[in-house]
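Chemist: For reference, the chains in residue letters:
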Amino acid sequence: MNRSFFQQKRDRNETAARALLFMSALVCCLLVVLILGFMVVTGLPLFGQNQAMDLLTGAWSPHNGGYGIAPMIFGTLWISFLSVVISFPMSLGCAAYICVLGPHGKATVMKRCVQMMTGIPTIIYGFVGVFLLVPLIRNTAGTGSGMCILSASLVLAVLIAPTMILFFIQSFDRVPRSWLDAVDALGGSRVQKLVYVVLPACVKGIVTGTVLSFGRALGDTLVALMIAGNAIQKPDSLLDSARTLTAHIALVSAADFESMEFKSIFLCGAVLYLITALVILGARLIERRGTHE
Amino acid sequence: MTPPKIKIESLDFYYNTHQILSNINETIPENAITSIIGPSGAGKSTFLSLFNRLWETTPGARVEGRIQARFSDSFMDINDPKLSVIQLRRAVGMVFQMPNPLPMSIFNNVAFPLKLAGITEKETVQNRVTTAIKACGLWPEVKDRLDKKATTLSGGQQQRLCMARALVMEPEILLLDEPTSSLDPRSGAMIEELMVQLKPRCTLIMVSHQPDQVERIADQVIDFTPGSESCR
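As given, the protein sequences belong to chains A and B, one line each in that order.
Read left to right, the first sequence gives residues 1 to 293 (my numbering).
Read left to right, the second sequence gives residues 1001 to 1232 (my numbering).
With the rest of the complex left out, here is chain A:
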């Protein structure tokens, strides 16, 4: 008997595929939650011996039983914030040139370059930083090893720039064509188009991109590990050496598995996780409100 054309066809393959894809999605989501849980649970023994606040705000002195991660939190925030401050004007200018100011051909080539930058391994940036930037900073500053917050932030700024630029470009490209035509037809220059129409329309996209790049800077390990000097101290100046949470985890994880130092890195992980999650959630909230009218 012929199956009716409109009869719903129960396809076993379809059901199986759905189940499989659902499982993949579920695993991904669960992993996010499980990893946070894992870090909190493994970090718990620390709370037994010390006060929680001591861990977050105290100094790091394992010999005296002090496992405070405050220096690393400061180091992370300093380096990430500074890298965003350095990268922002560069990225905004670059995106503006590519989307609004530059001639089409040149802009296309530049956009390809930026896209390529995202694919360069982090270690290359670190490597170039160590051999080119660190000596330069050392000689210019006249003191220290050159391995400092400033050096790390400069390299990190280059590392996060493509993220920021591509996000800005995406935001600029969403400005309705009719608005741009209107400005062109009214005798507006490219700069006027940028200042009066594109930037005001993209404020929220710009904020979101910047915040997301801050998240990217927070999570980067290698650049700070190679260039920031890794001294465990609360930094006072840009030329001070500092250690980030990520670098701390990388360095300590080489230590004895049973030591308290080792257990403390789970707290570092949890703190880093939370800061990054908050930043990304914040960015998404801004983005959701920031659609064009």
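I should point out that these hints are in silico values taken from the structure, not numbers from a laboratory.
Where hints are given, some of them may not hold.
[What the hints assert, rightly or not] Each computed DSS-like pair below joins lysine-lysine, with the alpha-carbon atoms no more than 25 Å apart:
no.	chain 1	residue 1	chain 2	residue 2
1	B	K1143	B	K1115
2	B	K1149	A	K204
3	B	K1148	A	K204
[Claimed, not checked] Here are the simulated distance ranges between beta carbons:
no.	chain 1	residue 1	chain 2	residue 2	range
4	A	G282	B	D1184	40 to 48 Å
5	B	E1123	A	R289	36 to 44 Å
6	A	M23	B	D1184	47 to 55 Å
7	B	K1122	A	G282	37 to 45 Å
8	B	P1039	A	K204	38 to 46 Å
9	A	F127	B	K1149	51 to 59 Å
10	B	I1086	A	R289	31 to 39 Å
11	A	K204	B	R1145	22 to 30 Å
C-beta atoms are modelled at their ideal positions from N, C-alpha and C, and glycine is treated no differently.
Following the hints, put chain B in place on chain A, whose structure we already have.
Modeler: Relative to the frame of chain A, chain B by itself:
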């Protein structure tokens, strides 16, 4: 017929290697409505974009031949690289098929070209904006809500606002790309009436798909239909 405002001589237009317009020779009379008709894809909008060089924003576009327009009693080549495209666009206004108000208030939309031109004197701006809005018959409808977003207006009102915005610079030439095609008949009629009123101070060039509209208001017709008399 009024004296010529624009003279087009052996004009070709290309997108990359694709030829859109070939060997066009036309004269556009001053203080009249010239209507461009023809099927979709015949290059009508492209033809319109020649007069304010808006085609330059499209990558790969290229023009050959001469277009001369008469500004202050002497003809000049529109495509002369020495001619500032920004100055040209301030003298040649344009109204698009879809109303395209900018994301700002009604007042600021009309004041925007003045801002672009660096005219900031408050009283001048106020007067010119008011005059332009009145000229488009929009004043009674918007005078109490000039600070409201332009997007709160109806489609027909938005289109008249766009006309006011184009007119605030007192252009000598006004280009209109199917200005009534997205509007209801009543709004369309208002735009048509406005165009006729503008003739004494403006040269109007309009792309139209509506034969009855062309019949009603056009003083000259350029037909882009393949095989027609004035088709190139």
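Chemist: The structure should be examined with respect to each hint, and the outcome stated for every one.
Modeler: Evaluated hints:
For a cut-off of 25 Å, the pair hint linking K1143 (chain B) to K1115 (chain B) stands: about 21 Å separates their Cα positions. Proposed proximity of K1149 (chain B) and K204 (chain A) is supported: the alpha carbons are some 19 Å apart, at most 25 Å. Straight-line distance between C-alpha atoms of K1148 (chain B) and K204 (chain A) comes to about 22 Å, which keeps the hinted pair within the 25 Å bound. The hint said 40 to 48 Å for the Cβ distance between G282 (chain A) and D1184 (chain B), and at roughly 45 Å that hint holds.
Between E1123 (chain B) and R289 (chain A) the beta carbon distance is about 38 Å. The supplied range of 36 to 44 Å therefore holds. Hint check: M23 (chain A) to D1184 (chain B), Cβ distance near 54 Å, so the stated range 47 to 55 Å holds. Our hint of 37 to 45 Å for K1122 (chain B) and G282 (chain A) holds, since their Cβ atoms are close to 40 Å apart. P1039 (chain B) and K204 (chain A) have their C-beta atoms about 43 Å apart, which keeps the hinted 38 to 46 Å range intact.
The supplied range of 51 to 59 Å is met by F127 (chain A) and K1149 (chain B), whose beta-carbon atoms lie about 52 Å from each other. For I1086 (chain B) and R289 (chain A), the Cβ-Cβ distance of about 35 Å falls inside the hinted range of 31 to 39 Å, so the restraint holds. The hinted range of 22 to 30 Å is satisfied by K204 (chain A) and R1145 (chain B), whose Cβ atoms lie roughly 26 Å apart.
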